[in-house]
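Colleague: Using the sequences and the hints, build the whole thing.
If you want the building blocks of each chain, they are given just below.
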Amino acid sequence: MFDWLIEPGLFANHSVDNALAVGAVVAVVSAVVGIFTVLRGQSFAGHALTDVATAGGAGAFLAGVAPLAGFIGGGVVGAAAMDVIGVQRVKGRDIATGVVLGAAMGLAALFLYLSATHSSATGTTQLILFGSIFTVQSSTLPEVFVLSVAVLVVVAIIGRPLLLSSVSTELAFAKGVRLRAVGFVFMVVLAVSVGLSAIVIGSILSTALLIGPPASALKVVGRFGVGVAVAMALGVGATVLGVVLAYDSFYWFPSHRGLPVSFFVVVVVVVEFGVASVLQRWRHARTPTKPRVANAGDPIGWH
Amino acid sequence: MFSNYMANAWISGTIVAALAGAVGFFVVLRGASFPAHAIPNGAFAGAAGATLVGVNPLFGLVSFAVLAALGIGATSRRTRNDVATALSLVLMLALGAAFLTLSSVYEPAINALLFGEILGVSASEILPVFALGVLCLAALVLLFRPLVFTSVAPELAEARGLNATLIETIFLVVLALSTALTVPVVGALLTFSLMIGPPAAARLLSSRPGRAIALSVALALVTVWLSIAGSYTFNLPIGFFVGSIGAVLFLGARLWGARFARPQQRVVA
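In the order they appear, the protein sequences are chains A and L.
Residues in the first sequence are numbered from 1 upward in steps of one, following our numbering.
Residues in the second sequence are numbered from 1 upward in steps of one, following our numbering.
Accuracy of the hints is not assured; some may be wrong.
Said to hold, decoys possible - A short, non-exhaustive set of chain L residues, derived as facing chain A with CB atoms under 7 Å:
hint	residue
1	82
2	197
3	240
4	243
5	246
6	247
To be verified - Derived list of chain A stretches under chain L, where covered just means 3 residues or more per stretch with a C-beta under 8 Å from a C-beta of chain L:
hint	stretch
7	39 to 49
8	103 to 115
9	266 to 279
If you're looking for bench data, these hints aren't it; they were derived computationally from the structure.
Cβ coordinates follow ideal geometry from the N, Cα and C atoms, glycine included.
Modeller: Rendered as C-alpha cells:
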C-alpha cells in the first residue's frame with residue numbers, strides 16, 4: 001500500500017534497521033539536550049563541539065585508538081577549554097567558542113592530512129565531515145546506548161536548576177543555584193551528547209537534530225515538558241523519514257546513486273521549522289499580547 | 001620559499017590576511033562568530049554545486065555566501081540569531097553533501113576547498129581576489145561609523161534613527177564576499193580561524209577601534225606569513241598553522257592583558 005513511499009525490502013535490510021534504531025536514540029537525546037541549548041542561546045557551542053569532537057575522532061583514527069573515545073574525549077576537552085576561556089560570561093562566550101573551534105579545526109586539518117599520507121584509507125575526510133548513518137557498526141551500538149542513557153540521567157538530575165538558570169540567571173542566582181557549576185556540567189553533557197551523535201550520524205545531522213526540533217517545538221509549545229516531548233517526536237520523525245527517503249532515492253536516478261541521509265533529514269528538519277514558524281506567526285496574529293519564551297526578543301543577549 | 005611558483009601564494013595570502021583582519025575586527029566586535037563560521041561553510045556547498053553544473057567555483061562561492069548571509073539576516077528578525085544561523089548552516093552543508101554525492105568530485109579537491117590549497121592559487125585568480133578585496137575594504141570604510149555605533153550602543157543608534165537590521169544585513173553581505181575570497185586560499189574551515197584569532201587578540205590589546213583594526217590586520221598578516229613559511233618548510237597543511245597561531249595569539253593577548261592591563265570588573269553572567 002505504501003510502496004510509493006517505502007521501497008520493497010526496506011525493513012528486511014540490516015543496515016537500515018541499525019540506522020533507524022541508532023538514529024532514533026540519538027534524536028531523542030539530541031532533543032532533550034537541544035532544548036536547553038536553544039534556551040541558553042548556545043547553538044554555536046553546540047555546533048562547534050561537533051567539529052571539536054571530529055578533530056578528536058581524526059586524532060584517534062591516527063593514533064589507532066577507538067574513534068568513539070576520540071570523539072567524546074575531544075568534545076569534553078573542547079568544552080572544558082571553552083569554559084575556562086569564558087563561555088560562562090555572555091560577552092566572552094562567542095569569542096571563547098570561536099577560538100577553541102579555530103584551534104580544533106587546525107588540528108583536524110593536521111590529523112586528516114597525516115592520516116591521508118600514512119594510510120591508504122580513502123573517504124575518511126568525507127566520512128568524518130559528513131558522517132554516514134549507514135556505516136554504524138553494530139558492535140558500537142551498546143556503547144552508544146549506555147552513553148545516551150548516562151546523558152539523559154545527568155540531565156534529569158540537573159534539570160530543574162539548569163532550566164531555571166537557562167530562563168533567568170538572576171532568579172536562579174537568588175534561589176541559590178550554583179550557576180558556574182551547573183553551566184559547566186551542562187557543557188560536558190553537551191559535549192558527550194554531541195560527540196556521540198557526531199560519530200553516529202555525522203556533524204551535519206548532529207547540529208540539525210540538536211537545534212532544529214527543539215527550536216521548532218519552542219515556537220509552538222508554551223509548556224516545557226510538552227516542548228521536550230514535541231521536540232523528541234519531531235527529531236525521531238525527521239530521522240525515520242530521512243532514512244526512508246534516502247533508501248528510496250537510490251532508485252530515483254538512472255545512475256543508481258542515492259542521495260545522502262543527512263540531506264533528507266536536514267530537509268525534513270528545516271521544513272518542520274518552517275511550519276512551526278508559520279504556526280507561531282498565525283497564533284501570534286490571533287493573540288497578539290501573549291509573549292512567547294522562545295522568541296521574546298533577545299533574552300540571552302546576542303549583541 | 002620565495003621562488004617564482006610561490007609568488008602567487010604570498011600575494012593572495014597577503015590580500016586575504018589584510019581583508020580577514022579588518023572584517024574580523026567587526027566580527028569580534030559584533031559577536032558574529034557563528035555567522036562567520038557558517039557562511040564559509042555555505043560557500044563550500046556553493047563551490048561543490050558549481051563544479052556539478054560546470055561553472056567557475058568562484059561564482060558558486062560568491063552566490064552561496066551572499067545567499068547564506070541574506071538568509072541569516074532575514075530569518076534572524078523572527079528567530080533567535082544563533083538558531084537561524086545553525087539551521088542555515090546545516091541546510092547548506094547538507095546541500096554540499098548532496099552535490100558531492102552526485103558529482104563524484106575527487107577527494108583531494110574537497111580537501112583543498114575545506115582546508116585550503118594556497119599553492120594552487122593561479123595568477124588569473126589573483127585579479128578577482130584583489131578587486132573583490134578592495135571592494136570589501138571600501139565598504140568597511142564607508143560603514144565604519146554606523147557599524148561601530150550599532151555594535152557598541154545599539155539602543156542609542158536605534159534612537160538616532162539608524163536601521164540596525166539593514167546595517168546587520170549589509171555587514172553580513174560584506175562578510176560573505178570576503179569569505180568567498182578567502183575560501184580558495186586558506187579553505188572554508190580556516191577562513192574562520194583567521195577572522196577570529198588575530199582580531200580577538202587585537203581587541204584584548206587595544207580598546208580604541210582604529211588602533212585595534214590596525215593591530216588586527218598586522219596580526220593576521222603575521223599569521224598568514226608564518227603559516228605559509230611553516231607550511232612550506234614542514235610540508236604540513238597551512239590550515240594547521242593558521243588555526244594554532246590564531247589560538248596562540250589569543251592566549252598570548254589574554255596573558256598579556258592579565259599581566260599588564262588594569263584589572264577589569266568581572267561580570268557575573
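Colleague: Take the hints in turn and mark each one as holding or not.
Modeller: Cross-check of the supplied hints:
no.: 1; hint: 82; result: holds (4 Å)
no.: 2; hint: 197; result: holds (6 Å)
no.: 3; hint: 240; result: holds (4 Å)
no.: 4; hint: 243; result: holds (2 Å)
no.: 5; hint: 246; result: holds (5 Å)
no.: 6; hint: 247; result: holds (4 Å)
no.: 7; hint: 39 to 49; result: holds (count 7)
no.: 8; hint: 103 to 115; result: holds (count 10)
no.: 9; hint: 266 to 279; result: holds (count 6)
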